[in-house]
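Novice: Each chain is listed here by its residues.
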Amino acid sequence: MRKNLLIDRRTTLKGLGASLALPLLESMGWAEPGREKSYKPPVRLGFMYMPHGVIMDQFWPKSADSFLTEPPPALESLRPVLEHCLMMKGISGVPISPFNGAPHALELSTWLTAILPDADTRNRINIAISADQIAANYVGALTSLPSLELATMPQTHKENQEGLHEGYYSHCSFRSPTQALPAEINPRSALSRLFGKTDKSGELPKTDPLDRKMLDLVIGGARDLRRKLPRDDQHKLDEYLDSVRAVERRIAAIEHRQKEAALEKAGVSVSKRNAADSPPIEIKIPEGDRRSEYMQVMCDLNVLAFQTDTTRVSTYIGSTPNGVSYPELGFNDQHHSQTHHGNKDSEKIRKVAAITKFNIDQFAYMVKKMHSLKEGDGTLLDNCIMMWGSGLEDGNKHARENLPFIVAGKGGGSISSGRFLPDTKGNQGDLLTTLLACAGIPLDRPIGIATKQLPEIRG
Amino acid sequence: MTRSIQAKLLCSVLLCVTLSAASQGVAETPAEKEFTSRQDEARRSFREGVTPFVKAYCAKCHGDKRRRAGLNYLAALKNPGETTSSKHWKQALANVKAHDMPPEDEDKQPSEEERQKFLDWIGTLKFLSPKDPGLFVIRRLNKAEYGNTLNELLGVDPNIAQDLPDEVLGAGYLNTLSPLQSEQYLAIANAALDKALPLDSDQPSEVEKRLFGDPPVAGSDLRAAAERVARSMGRLAYRRPVSPSEQDVLMKIYDLARASALSHRASLRLMLKAVLVSPQFLFITPSGDSKPDGNIIPLDDHQLASRLSYFLWSTMPDSELSALADQGKLRDSEVLRGQVERLLNDPRSRALFDGFGAQWLGLVDLKTKTFDTAKFPQMTQAMRSAMYDEARLFFGSIVRGNRSIVRFVDADYTYLNQTLATLYGLEMSVTGSEMRQVRMVNPNRGGILGMPGILATTSFPNRTSPVNRGVWVLENVLGEHVPPAPPNVPALEKQNPKTIENLTLRQRTELHVQNPVCANCHKFLDPIGFGLENFDAIGRWRDQDDTGGPIDSSGELPGGKRFSSPKELKAIIAARKDGLARNLTERLLAYALGRPITGYDEIVVDDLMKTIAADDYRMQTLVSAIVSSYPFMNRRVR
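Protein chains in written order, with this note's numbering: chain W, 67 to 525; chain H, -17 to 620.
Do not take every clue at face value.
[Claimed, not checked] With beta-carbon atoms standing in for the labels, derived distance ranges:
#1 Pro465/H with Arg356/W: 34 to 44 Å
#2 Glu209/H with His301/W: 48 to 58 Å
#3 Asp186/W with Pro112/H: 16 to 26 Å
#4 Pro223/H with Glu353/W: 47 to 57 Å
#5 Asn398/W with Ser411/H: 48 to 58 Å
#6 Ser163/W with Ser411/H: 54 to 64 Å
#7 Phe442/H with His301/W: 39 to 49 Å
#8 Asp290/W with Thr11/H: 40 to 50 Å
#9 Glu522/W with Leu485/H: 53 to 63 Å
#10 Asn398/W with Ser315/H: 53 to 63 Å
#11 Asp308/H with His301/W: 29 to 39 Å
#12 Arg416/W with Glu416/H: 38 to 48 Å
Please keep in mind that the hints were generated in silico from the structure rather than gathered at the bench. For every residue, glycine included, the Cβ atom is placed at its ideal position computed from N, Cα and C.
Looking at chain H on its own, in the form it has when it is part of the complex:
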């Protein structure tokens, strides 16, 4: 596999901090020298390898004149290391590797050797990217973060935010609100205040005491008391110190309320409402006093604290994290690592599964996915919840136990309740509705490949899809890019009924390989899916498929590894530690940064891989390494 070749090439390279030193004219360390020579090598191979390949095989359709699929490789050749170009190269890598490109009806075809060389060269292109932490634009809290933050601040149920529109999570989010929706922030603030600080009660609530302090004694200076509340409440809700002008605005609101004959208490409440609809609360904003001079600046301590707690908890920093930011200690690597461990071991890190894990494993839509209810009456909401919780608890066990990420594939335990145990045939030994850890005696189970929630979401409503499962394993587990099916391919249902009579699903799916257009990809995809055919469309074990024919779960992975059962497939995939780890690292880094991985990030990932491989691919080590990485700690502002 190209992936492993790339990894070998790159593993020896040390990068991050070194470049800036070099650019400042400091004498080069050996690591820097190595990096510089990598760069030179990449430039040369680019000139000698990529350029002629692109001109010979790609530019006719993807050049300045014709830009099919919107791709112009001649433009990408001019600025090979730029972010926009790197998307081009990723696509080229996938398509050339799958023999999708150049198209088969083109006369000019590269030899296998040319093809492989081109792929190897693309792997070194990242060395041409300038050191860049990525553009970092202030962002609004997403729905989950907003609900959790209100919960943290006011003790209200996070579901109070449920009417806000859902965001598309991950690579890109929509940051626009219609006026009707922005009004929800005001409505939600009102509802949250009514819950947390009821006005009709003479006794201040616990939340009120926490935010407003003790009621002022008779005759004391109320406005001075309000000043103090504004400062502390602003610090808390804005997650950084308030500026004098922000303090001033909050006091204007207090004065407005007082002038309207509201009591001191009610006036503070209006001030709190203003805080809750302020952009300083809804956005994570820097506390710096002046516009930054350079393009790339380090995150200030408070921004770093927020970035960290929203990454791992999807909520605001707690008092310990905030105090460290106030003291300016957070950039100390030992302190930061300690905080990562503390945050991960806290129950709030469950948010990392809801925000990241569920998306990585493809379980986000499990609760709403359509199933053929006649065929699978088991797929009740209780079952779906249990499936989701199984994956959540399993993910949590690896995070909190600081286990190796290889355990995601080859663990020998899972989490079940009675409902879910019926799919495992374990309903006699696992009873009751509570989820608990259960050791798996059957080696086909345990790990994400044998997990019913995942087996169900990668199936059709009424049958399994070896193709979907194959794509899922390649993309979600091993991080390969699978090109989409060409347009206008018939679905299985459309096959001529005569030719497919008496064929099992596997045999029908194998018809792919007879069509050369399909075969390029499906010869890789399908066998992986066949390896999981013993699991039906909701994850139950079976020995026969729907046609009554015996399941044949043997196959071969790219690279010649053969398997004959889910157990053996698991073992092969678990052995590909590097691919597993790299995939998870890239995805988790993208989630942490809130943007797709491009250009220079690839070099960052190489570095992260080295760090975590040295510690047996442990999960907390991975998270710590991401948090202390260059793009997490810095930002480009223009």
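This is chain W alone, in the form it adopts within the complex:
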């Protein structure tokens, strides 16, 4: 296992459930570079999703050799950073039987779990902890937010194909087998709560120094209520109390940061960032309702969260399988309505290709921005593993034989990029297992249906 974390696993795990008095940033290396020569920025892990698959002949590179010189049309916007991208063909999805009638609920909910929901309890959420949350369990305690979940539409689609719980249709992050994690869809509130910032000048969010102590008393005070409740009620209460504990911790981290910033400003202490690192990017919340701008501001938030080490794990559902349309592309059709094109309807094929490219363009926007930001000896992108993908290869037939993935970033040197691997043999669990390993996450078991790692990905 690579040693890119300056804190041992035991310390990390200890930090997880407990409410921590002060942020860990200081004691854990990242915030204090220069103490030892071998210091490296941490590896960050990001996932970005698009539903319904791709138009295959516009997505897959012609050959390994032509990948860099003649990228496929769908990847045009990634051209400037292709050297930092890795593609592999041959990653199969989890077979979805017995849920054949629910391909879209499954393409999303299996995306980061690589496993099917439990068939006997399908009307509830019962699947598996997702790869992003496994990572958050390990590195989450090192940052003020364990993981970041973003989306661009409400996760309220109501459809119960194959009797599956609605939540499977719009969630891919699962905190535990029975807890679907909702995503933030409002960029303004994400900005304020993530960074204690607003996009309106002259307005500074307040942090009340008493809030943290007050929350501590509230959590302690619920103990008596908890004791009186039946077991199932206790579990519900615990979920809430756990999340309040996380809030308490975040307030501590923000306070600490504000204190540091004040000291720096007063000239009492020097910044702990590398002098050569790029300053934190500015976030501008778009005024209109253009989908590209909406998707991009969420990308910006993701970039800023990684750049400032506010979190090291993010999941961004670019769109859910239901109901997105792309008026900017000159048509109002909803994404899904165009995907059953029968390989004949050229108009629909054109539209699906345009939608796919549009989504990859937003991903390219994000990774190009990461590439433009200096960090340590390289760029922010060098220290990231950004996986873009869909839960289907071909939306027309719901095929899942060769799931489309693009991995951008070198993962701190763990990934050998700039390549297309046309004959990879593995499944989506193998890929997730490998990527988590590249990010330095120790796993006690493979993810979902994984049976192995994919060594060809590594550098």
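Starting from the known structure of chain W, fit chain H onto it as the hints suggest.
Specialist: Relative to the frame of chain W, chain H by itself:
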């Protein structure tokens, strides 16, 4: 229809309270005897009818070895009355009835008689369910409830909660929060306090006076005053008396603030903030002092008050309801009925439409649904709002007027403003932006079947969908379960352009019936939708469809009732009072309980049906009956 057969079988049965008496060894009343004999009969018919049918026709694919679609009917046979099994049976009912199952390519096919017997038997399976109010786990207030409760408590705009994530309402809700989102509760509490109790003002606001009482006089015991505020504020916000330890926690927060040199006022404010982020505020929690002994216990009075007011108002109980809970009077059936009427007649019962009615009628997505703007430039936000309000006011008129629920279908009035009146062709007589009641002279209009909002949400962005409308009528109005289309069926657009040249939408849709796989269901679905083809995709009347061909809105409902216009379709559906009422009852009960209807609930519904049929299917009678039903008044805790 099976439904009506079932209803006839069951209508004579009296149930709820009787079972527990029987189990305690009390002598059986005639009603109990009847129930026991129903149970025996159900067991026998199960043994003789269902078991052999399942073994012969289902178990090969849905058994212990193969469990296609995740269904194991052999397992369900072992515990036929259990909740998990009852889902199996519901699915079987739908598929066997539609001739979807067994699949056509199976050699072994049941005769029509076998099929009908199986369906009838499934209708009696509910008698095998043990008496059970359903598992009741404490729940967090949903977004709307939370916003409304803050409004009630602090007088702030309920939209203050708008940044919280939306929940999937109804059968199941997601109860997890990401840390980023739980932080919103703190942010919202801060924002609400800034609005309601501004610190920068020397004069306490009205809300502050209400919550904190009069400012203490100089020299008085401030901590004793804080004790009193903690008790009354906790009682209000927790919707039940505070326990001594809860009181203690609130005082610790007061002391913490005082120790940090905050004023008495500011310290009470911090206490209030703590209340607002406490689980006792965000969850509806019991006030009982000890863990319950049994598995099934009655709701305590305060829980009942909360359940009632969140059901009908989506907000906390008001002072009258709270006082009745404090006095222990709420379980008195006359008192409870009086409260239901009072709550329904209060403007806050509008929440029942936003939370339930809009979902029942399928109008939740109306404001965001995509329409082909080139074809339907009328679909502005103003139009969508008017459509929503039409349904809301109409729903409210039936609730508050205590009208029969049959009026949902055959009312002769609706609510319009000028914008919406253009779709009715009434823009000359209805002017201005205000919605008002308008009597409908045209018998095709009035009632939910001719309501533009519903006709629009069941259409595609650019054309009507007779299939969607048919499904909507069968499922949302009559409560039938329509099995989903088999995978890989081509949509209409995919039909060979040569064969469909010069065909109207109806004629194209009728091609369904030529394909035997499709025909099973579509022969029921499509004709209902055809009956509404005179209404275009945004609900305007028309005599020709998009191809210019004349509209043929004649058809036939399952059971042989023929109709030739929306007016006649309405009349046929309105005559099926029992189906209408049962559907609405099941849906409203599920909403009231916050969970799907299963097993024993079916027996509860039978009982409710009897009560409301005896009072001409009146809406308030239905709501009252639900509120006093066994699963609403009791809970299973493990």
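Novice: If a hint holds in the structure, say so; if it does not, say that too.
Specialist: Hints versus structure:
no. : hint                               : in the structure
1   : Pro465/H with Arg356/W: 34 to 44 Å : 41 Å, holds
2   : Glu209/H with His301/W: 48 to 58 Å : 33 Å, violated
3   : Asp186/W with Pro112/H: 16 to 26 Å : 20 Å, holds
4   : Pro223/H with Glu353/W: 47 to 57 Å : 49 Å, holds
5   : Asn398/W with Ser411/H: 48 to 58 Å : 34 Å, violated
6   : Ser163/W with Ser411/H: 54 to 64 Å : 59 Å, holds
7   : Phe442/H with His301/W: 39 to 49 Å : 43 Å, holds
8   : Asp290/W with Thr11/H: 40 to 50 Å  : 44 Å, holds
9   : Glu522/W with Leu485/H: 53 to 63 Å : 55 Å, holds
10  : Asn398/W with Ser315/H: 53 to 63 Å : 54 Å, holds
11  : Asp308/H with His301/W: 29 to 39 Å : 30 Å, holds
12  : Arg416/W with Glu416/H: 38 to 48 Å : 47 Å, holds
Taken one by one, the earlier hints fail for this structure at numbers 2, 5, listed in ascending order.
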